[in-house]
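Trainee: Here is what each chain is made of, one letter per residue.
There are 2 protein chains.
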Amino acid sequence: MDTQSRIIEAAESLIQERGFNGFSFQDIADRIGIKKGSLYYHFPAKADLGRAVVERYRQRMRAASDLIAAGEVPDYWDALELYLKPMLAFGRTPDDACVCIVLAGEVLGLPEEMHAEIAAFFDEHQVWLTSLLEGGRQAGAFRFAAAADQMATLIFSAMEGGLLIKRIKGDTAYFDRVVAGLLALLGLGASGR
Amino acid sequence: MDTQSRIIEAAESLIQERGFNGFSFQDIADRIGIKKGSLYYHFPAKADLGRAVVERYRQRMRAASDLIAAGEVPDYWDALELYLKPMLAFGRTPDDACVCIVLAGEVLGLPEEMHAEIAAFFDEHQVWLTSLLEGGRQAGAFRFAAAADQMATLIFSAMEGGLLIKRIKGDTAYFDRVVAGLLALLGLGASGR
DNA sequence: GTCTATACAAAGATAGAC
DNA sequence: GTCTATCTTTGTATAGAC
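Protein chains in written order, with our numbering: chain A, 209 to 401; chain B, 209 to 401.
Among the hints, a few may not be true.
Think about it this way: if two alpha-carbon atoms lie no more than 25 Å apart in a straight line, the pair counts; the simulated BS3-like pairs of lysine-lysine are [to be verified]: (1) B:244 to A:377; (2) A:243 to A:254; (3) A:293 to A:377; (4) B:377 to A:254; (5) B:377 to B:293; (6) B:254 to B:244.
If you are wondering where the hints come from, they were derived from the structure by calculation, not from laboratory data.
Starting from the given sequences, assemble the full structure and let the hints guide the process.
Mentor: Printed below as a string of structure tokens:
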């Protein structure tokens with residue numbers, strides 16, 4: 209892999225572990241075996257690297273929605289499952305969490321350049337999940353009592369919060385309970401799956 | 209107020225805004241109008257201050273549960289309302305969030321001394337909310353489909369996650385939707401209130 | 001593209017005067 | 001208890017050689 213990508217990758221995992229202000233260029237240099245000074249050839253400032261990390265992460269987390277939006281996954285249940293896959297995968301390890309929710313904690317300590325990227329992540333997932341849920345309900349695949357946008361907000365918030373909490377406990381069972389609670393309440397389980 | 213408390217208070221709001229690695233003793237000195245060196249008389253190291261902040265925060269957030277546990281709030285609905293009050297208050301401002309969920313994001317970048325305090329916060333709320341919900345159900349005040357511990361985990365995670373997300377959007381309506389979704393799904397609204 | 005060297009500021013922390 | 005002064009290390013960043 210090219211150096212730029214390796215830098216972004218190392219930065220992503222450092223952010224996820226310690227937050228944006230919890231690592232330095234030196235840490236990255238150590239992890240990928242390059243000298244600190246060389247990093248500035250690829251990213252003129254730490255803020256630029258931060259922005260690149262979120263951009264890449266955002267794009268990666270959008271992969272499922274793109275497939276689904278393109279009509280490649282006609283079944284609503286398959287679509288929901290595919291969409292939630294990456295988050296559920298984080299939940300299955302003791303130490304992983306969503307990069308954007310970690311960064312959200314530090315808001316005012318972050319360079320301005322990163323704010324919009326992070327906010328956009330939450331916005332697009334909010335919009336997208338809402339329309340998946342609404343579509344699924346109209347198609348008769350999902351059944352739930354509240355408004356679709358409330359539903360989407362609830363699901364997403366619970367997963368994001370759950371990831372942070374399970375991690376500090378080092379206990380994947382915590383996140384499992386979030387998911388189980390969600391499934392039970394959504395009445396999703398009632399509709400055939 | 210005494211200097212120690214003013215230091216802890218300033219640190220708490222700085223942590224909440226920027227995370228633990230996003231502020232320095234200099235920032236605190238500036239906020240409360242004292243010299244940086246003087247802070248070390250009260251807290252020998254930043255880690256000690258961090259620990260003190262979480263301890264105080266934890267105690268404050270336990271106030272409602274203590275009252276309720278002491279039998280001072282006989283009605284389950286009143287108890288739930290009182291218990292959730294501080295979190296809901298965070299939700300009503302654009303910039304507030306729970307100190308512990310902010311810190312949870314930085315885990316590996318935090319001094320060891322803080323880990324146990326933070327984990328304890330989440331543990332005690334998990335245990336306590338579970339028993340409140342279970343008690344309320346048995347008393348016929350609450351009605352919900354899932355297990356009480358799943359319910360508690362879901363409610364708490366959703367609020368914690370929701371606070372971080374509403375803050376980065378600067379949009380209190382986001383958190384309102386979390387709460388609305390929770391109420392709708394819990395079927396809590398169905399039982400008389 | 002990567003390295004070494006270096007500038008410069010800030011952070012964490014200590015010592016000693018008042 | 002608070003101040004000034006100082007030390008040390010780290011972090012961000014730049015310059016110039018290879």
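Trainee: Starting from residue 377 of chain B, check that the Cα of residue 254 of chain A is at most 25 Å away, please.
Mentor: holds, 23 Å
Trainee: Going straight from one Cα to the other, do residue 293 of chain A and residue 377 of chain A come out at no more than 25 Å?
Mentor: Given that 25 Å is the threshold and the Cα spacing comes to 22 Å, the pair holds.
Trainee: Taken at face value, is the distance from the CA of residue 293 of chain B to the CA of residue 377 of chain B at most 25 Å?
Mentor: holds, 22 Å
Trainee: Does residue 254 of chain A lie within 25 Å of residue 243 of chain A when you go C-alpha to C-alpha?
Mentor: Holds, at about 15 Å.
Trainee: Need the status of pair residue 254 of chain B, residue 244 of chain B: alpha-carbon distance at most 25 Å?
Mentor: Roughly 12 Å between the alpha carbons, so the hint for residue 254 of chain B and residue 244 of chain B holds.
Trainee: Holds or violated: are the alpha carbons of residue 244 of chain B and residue 377 of chain A at most 25 Å from each other?
Mentor: violated, 34 Å
In summary, the one numbered hint that this structure violates is 1.
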